[in-house]
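In order, the protein sequence lines correspond to chains Y and D.
Following my numbering, the residues of the first sequence are numbered contiguously, the last one being 261.
Following my numbering, the residues of the second sequence are numbered contiguously, the last one being 343.
None of these hints come from the bench; they were simulated from the model.
For clarity, every value in this text was computed on a predicted model and none was experimentally measured.
Warning: the hint list may mix true and false statements.
[What the hints assert, rightly or not] Quick list of simulated restraints, FRET-style, between CB atoms:
no., chain 1, residue 1, chain 2, residue 2, range
1, Y, 249, D, 107, 28 to 38 Å
2, D, 121, Y, 223, 51 to 61 Å
3, Y, 30, D, 138, 38 to 48 Å
4, D, 238, Y, 55, 22 to 32 Å
5, D, 306, Y, 223, 32 to 42 Å
6, D, 209, Y, 249, 45 to 55 Å
7, D, 328, Y, 9, 48 to 58 Å
8, D, 243, Y, 13, 42 to 52 Å
9, D, 238, Y, 27, 29 to 39 Å
10, Y, 227, D, 117, 38 to 48 Å
11, Y, 2, D, 302, 48 to 58 Å
12, Y, 44, D, 241, 50 to 60 Å
13, Y, 17, D, 107, 47 to 57 Å
[To be verified] In silico DSS-like links for lysine-lysine, alpha-carbon gap of 30 Å or less:
no., chain 1, residue 1, chain 2, residue 2
14, Y, 140, D, 101
15, D, 342, D, 101
16, D, 101, Y, 35
17, D, 289, D, 209
18, D, 137, Y, 140
19, D, 259, Y, 41
20, D, 137, D, 168
[Said to hold, decoys possible] Residues on chain D that point at chain Y, a partial pick, calculated with CB under 7 Å:
no., residue
21, 150
22, 179
23, 180
24, 181
25, 186
26, 190
27, 208
28, 326
29, 341
30, 342
The C-beta atom is built at its ideal place from N, Cα and C for all residues, glycine as well.
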Amino acid sequence: MAQTVQATKNIKQFLGETGELSYFAGRFFKEFLKPPFELKELLRQCYQLGNRSLVLVLFTGFIIGLVLTLQSRPTLIQFGAVSMMPNMVGISIVREIGPVITALICAGRIASGIGAELGSMRVTEQIDAMEVSGTNPFKYLVVTRILAATLMLPILVVFGDLVALYGSALVENLKGNVSFQLYFNTVFDALSYGDLVPATIKSFFFGFVIGLVGCFKGYYSKKGTAGVGIAANTAVVVASLLVFLVDFIAVFVSDIFYEL
Amino acid sequence: MEPTENIAVQTASVDQKKVVIDIRGLRKSFGENHVLNGFNMRLYEGENLVVMGKSGSGKSVMIKCLVGLMQPDSGYIEVLGKEIKTLDRETLDVLRSDIGFLFQGSALYDSMTVRENLEFPLRRHKEKIGQTGSTESRVLEALENVGLAHTVDLMPEELSGGMKRRIALARTIILKPKIILYDEPTSGLDPITSKEIIELMRSIQKKYRTSALIITHDVDCARVVSERMILLVDGTNYAEGTYLQLSSSEDPKVEAFFKK
């Protein structure tokens, strides 16, 4: 009985939070279209969010490229298909691994950063102070951050992909004597618009959900320093889960288009 | 002592002045916690009114309802002749430019310099500065009023608690408001800095001829700045009068506030 009550409570809480997050997203679109536009703050956020994650994305991308190639090499050699390495690595990185890994890094870095920053501003009444001064804090703080995350994520994905491919090319160059030019030519020959377009589109959605969840958790952070920690923590967890959900939907939708 | 018997203690001179804030029958609850139970208050032009109450007595909730940061459950709030509940966002923002709000924890924007903190309220109310000079001169004038012109390029983290409160006071007066709301202006400060803040409050009121509503539980602050006081007990007006009247009261609940 107690378990049923607890389960009902959890379901209610989940549905309630989903509704609030949807309302928050709706408010974003409503405020986003209304002037005044906070361009200066948007550019500052783009720089902050991009700059904050770039090194981590590059480092991780490079390692992923190296490891993927090193791990796949023996199997491809066994099947006499090592020449397919650039095609395989290129397609898997551009279509799936690059966007998802970059999004997960950004979920950890950006969503937690935004959640903690806005949560701290809420607790110290800075958001109230903005409201009282006649500035719409939702527009100034939330709209700019969600937009910045949405715009910066695809750019970070491009950097991450290129460095991952470079890592892969380095292994091939050292182990298989494949020149960098040949490696990259083979990769770009193997890639089509059908690989690039869905990956780019889903990167925008990844950025959107990361910014949205970070802002939502921070903006409605409960009072107290513990609330700031919880906001940052749950922002990472929810944003990561939503990245996988968006990825599943994106793959499902793009699969339908391939079949048509 | 019955609360209703004490509400009417007002001086004849105050009655003849213009009312700038009128609160009637204000109620606000958080679940089962009834914070405000029919609070009434009038602030007159040029007056310094102190509202005293224990922690959690609803003082801060009342002041937040006053500027539209919280929605009351019921009751009537009129500020400068406008009923808060009926105002749209634009009109409320314009009205807010006539209300300064000093937050309990200063609420300086910690990602901005002192200059940017002071410029922030001006960005949405350019028409106000247009009449009396540039943004730069407004910022410097406000900082000179609190004796901190040299801190203009510092970050809030480089300031002491007292300096932060003075900068927050400078930000409060930058739009030359008609009413200033002080939420625990001396809380968390040492006695000497508290005295400095109280002196600044007095000099600012003298210079700009503002009306002030001061929420505090600091008896020394109340003694120095108040012209009239309201004691808030159990969410309603328990006693009202001048400092002398209340401090000499024999009612145990009133006495409790003034015991050292």
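Broken hints, by number: Violated hints (numbers, rising): 1, 2, 10, 12, 13, 14, 15, 16, 18, 24, 28, 29 and 30; every other hint is consistent with the structure.
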